[in-house]
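Assemble the whole structure, with the sequences as input and the hints as a guide.
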Amino acid sequence: MLNRYTALGNLTKDPELVEVGGKYKVCKFSIAINNPIKKTVVFMDVESWNKTAENCNKYLSKGSSVIIDGRLDVKNWETDSGQKRTKIFCTADNVHFVRLKNGEEEPQR
Numbered sequence: 002m003l004n005r006y007t008a009l010g011n012l013t014k015d016p017e018l019v020e021v022g023g024k025y026k027v028c029k030f031s032i033a034i035n036n037p038i039k040k041t042v043v044f045m046d047v048e049s050w051n052k053t054a055e056n057c058n059k060y061l062s063k064g065s066s067v068i069i070d071g072r073l074d075v076k077n078w079e080t081d082s083g084q085k086r087t088k089i090f091c092t093a094d095n096v097h098f099v100r101l102k103n104g105e106e107e108p109q110r
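Just so you know, we're using this note's numbering here: the sequence shown kicks off at 2 and counts up by one.
A hint or two may mislead.
Simulated pairs of lysine-lysine, DSS-like, Cα-Cα distance not exceeding 27 Å [claimed, not checked]:
#, residue 1, residue 2
1, Lys88, Lys14
2, Lys26, Lys63
3, Lys14, Lys63
4, Lys24, Lys39
5, Lys76, Lys52
6, Lys24, Lys85
7, Lys40, Lys63
8, Lys24, Lys76
For each label pair, taking beta carbons as the anchor points, the in silico distance ranges come out as [claimed, not checked]:
#, residue 1, residue 2, range
9, Asn95, Lys24, 19 to 25 Å
10, Asp15, Lys88, 18 to 24 Å
11, Gly22, Arg100, 17 to 23 Å
12, Lys52, Thr87, 16 to 22 Å
13, Asn77, Val21, 15 to 21 Å
14, Val21, Ile89, 33 to 39 Å
15, Gly64, Asn36, 29 to 35 Å
16, Arg5, Gly83, 16 to 22 Å
Keep in mind that the hints were calculated from the coordinates and are not lab data.
For every residue, glycine included, the Cβ atom is placed at its ideal position computed from N, Cα and C.
This is the structure we're talking about:
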């Protein structure tokens with residue numbers, strides 16, 4: 002089966018970088034994906050890992066435009082009150098910076 006997801010959107014807030022297990026880094030952010038024809042917006046949570054995560058944290062901020070390319074993943078959990086929850090998000094293998102922070106250069110690839 003093929004699981005690929007590509008989207009163009011704008012960050013809804015500044016990215017957050019977290020160290021996992023002392024040796025991995027994950028950057029979490031959310032993008033707004035506009036559909037001007039239907040006049041709707043879809044919000045997608047995104048995770049990037051390691052070097053990509055470091056570059057996202059360094060160069061992106063709220064409002065930055067990005068193209069993400071990755072795969073859809075699912076997170077399941079139970080709330081404190083026992084309700085089951087499910088969330089679909091994108092694990093981005095590649096993040097193309099369409100519009101960077103003011104004055105910044107695109108990172109080395």
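Hint check results:
no.: 1; hint: Lys88 x Lys14; verdict: holds (19 Å)
no.: 2; hint: Lys26 x Lys63; verdict: holds (20 Å)
no.: 3; hint: Lys14 x Lys63; verdict: holds (4 Å)
no.: 4; hint: Lys24 x Lys39; verdict: violated (43 Å)
no.: 5; hint: Lys76 x Lys52; verdict: holds (23 Å)
no.: 6; hint: Lys24 x Lys85; verdict: violated (31 Å)
no.: 7; hint: Lys40 x Lys63; verdict: holds (21 Å)
no.: 8; hint: Lys24 x Lys76; verdict: holds (22 Å)
no.: 9; hint: Asn95 x Lys24: 19 to 25 Å; verdict: holds (22 Å)
no.: 10; hint: Asp15 x Lys88: 18 to 24 Å; verdict: holds (20 Å)
no.: 11; hint: Gly22 x Arg100: 17 to 23 Å; verdict: violated (33 Å)
no.: 12; hint: Lys52 x Thr87: 16 to 22 Å; verdict: violated (30 Å)
no.: 13; hint: Asn77 x Val21: 15 to 21 Å; verdict: holds (19 Å)
no.: 14; hint: Val21 x Ile89: 33 to 39 Å; verdict: violated (21 Å)
no.: 15; hint: Gly64 x Asn36: 29 to 35 Å; verdict: violated (19 Å)
no.: 16; hint: Arg5 x Gly83: 16 to 22 Å; verdict: violated (35 Å)
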